[in-house]
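Peer 1: If you read the protein sequences in the order shown, they are chains P and U.
Heads up: the first sequence begins at 14 in my numbering, then just goes up one per residue.
Heads up: the second sequence begins at 159 in my numbering, then just goes up one per residue.
In silico BS3-like links for lysine-lysine, alpha-carbon gap of 27 angstroms or less: (1) Lys-214/U - Lys-19/P; (2) Lys-49/P - Lys-19/P; (3) Lys-390/U - Lys-430/U; (4) Lys-214/U - Lys-17/P.
Rather than coming from a laboratory, the hints here were simulated on the basis of the structure.
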Amino acid sequence: MNLKIKVNGEDWVLDVAPADTLLDVLRERIGIKSPKIGCERGDCGSCTILMDGRTIRSCLVLAVEADDHDITTVEGISYEGISELQTLFLENNSFQCGFCTPGIVLSATELLEHNPNPTRHDVQEALAGNLCRCTGYEPIIDAVLAAGRGGTE
Amino acid sequence: MVIANEFDYRRPATLAEATEILTNHTGSVRILAGGTDLVAWLRDDAIAPDLVVDIKNVPGLNDLRLDGNDLHIGALVTFTDLIESDVVNEHAPLLAEMSETVASQGIRNRATMVGNICSAVPSCDAGPVLLAYDTTVHVTGPDGDRTIDINEWFVGLRQTARTDDEVVTHLTIALRSHGGVYVKLMRYGGEDLAQAAVGIIAYPDHEYRVAFGAVAPTPIRSARIEEALRGKPLDDALVAEVVAMVRDEITPITDMRASAEYRTHMTEVMLKRGLVAATERLAGAGPAYGTRLI
Ligand code: FES
Ligand code: FES
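So that you can see chain P by itself, here it is in the shape it has in the complex:
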């Protein structure tokens, strides 16, 4: 089937099968590897991307469903240098292996877009579906809180 999507500002037209997931098409056909293959059942959040500005789990979306939609991955928010949020992830040691990081950065980006000054509870709720096996979460929450305060403590 014909699939027309915008990925990080670039238009793509591809021929895909109905059973292809968006996650697989992004990684294998378009070559964007930041959405990770984790649980593939909606539980871990590592495949998180933005569709029309809202986070979705690309493992639970058929590629054909994304027809005519606008996709942003972590690459898309980093073309002109990394974002302030990403800088704060570096400063706060908010990742170790980094497997969860693209998904978490996008979930936090969505949160800050809708709620520029989140409380710790807001951050915990927004990231509750993004699992991290390395950091213990606290450094991640600290970075997002710092971004909410405009990068200051």
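Starting from the known structure of chain P, fit chain U with the ligands onto it as the hints suggest.
Peer 2: Same frame as chain P, now just chain U with the ligands:
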């Protein structure tokens, strides 16, 4: 891991086209809305349809509005839509309270409340709340439109009163002054299904609706408990009386998420706290909507 089952995919532009596709198709078919259950089930090989009909391009199905006293919730309204809706927060904040407990942000952005009751798993969060609201389900099919009382909707494990060639277009809830509560027991936030859940609505003059989730093959109402509560001011003795009925009303199972005993005990605790909170909320007091009672 890929989806092994091959299927055709159609994306009708109108309800009439959707009905025509569903009516003329002879094999197994599934309707796709948010897809958060459907795609997971396809990947698990739990279902193997030869046709998937995506209704996301059908206009009008994402309406969320108040028609007089009727809250109209279209088939494509997501849990995030409900949480962010002014109409919902003003007139039926119970729906937002329930929606906030569903999975994670990324799922709520996609998953629809109608899809939740169409999947009809025992733990579906919308089930107890929509039962308590005496919701009307509106479907359309080859023989035209019809309505289904939510109390007739859940007919078995993952089975509903909708036939394969019908599409749910929307739900309506006849609103009147009420206080509601949704209490959900889960192991952790962010993704977990309910181990047990209670949905309660308190109406004026000591009238209650009481429903349970994840403690029977479908979400269920308890007519016995509602009858025992009717017309009597809620006090400790009355709460104790109905809490003692819980064991006979539910049929929980033991599985990897909880034992039957634990589910039963916690359902009793949640009913007790929920009845008090719903009654207080009816009076304009009590814990703010969204406060976790457990
Ligand atoms: S890979 Fe999609 S949520 Fe885990
Ligand atoms: S940094 Fe390793 S999973 Fe989060």
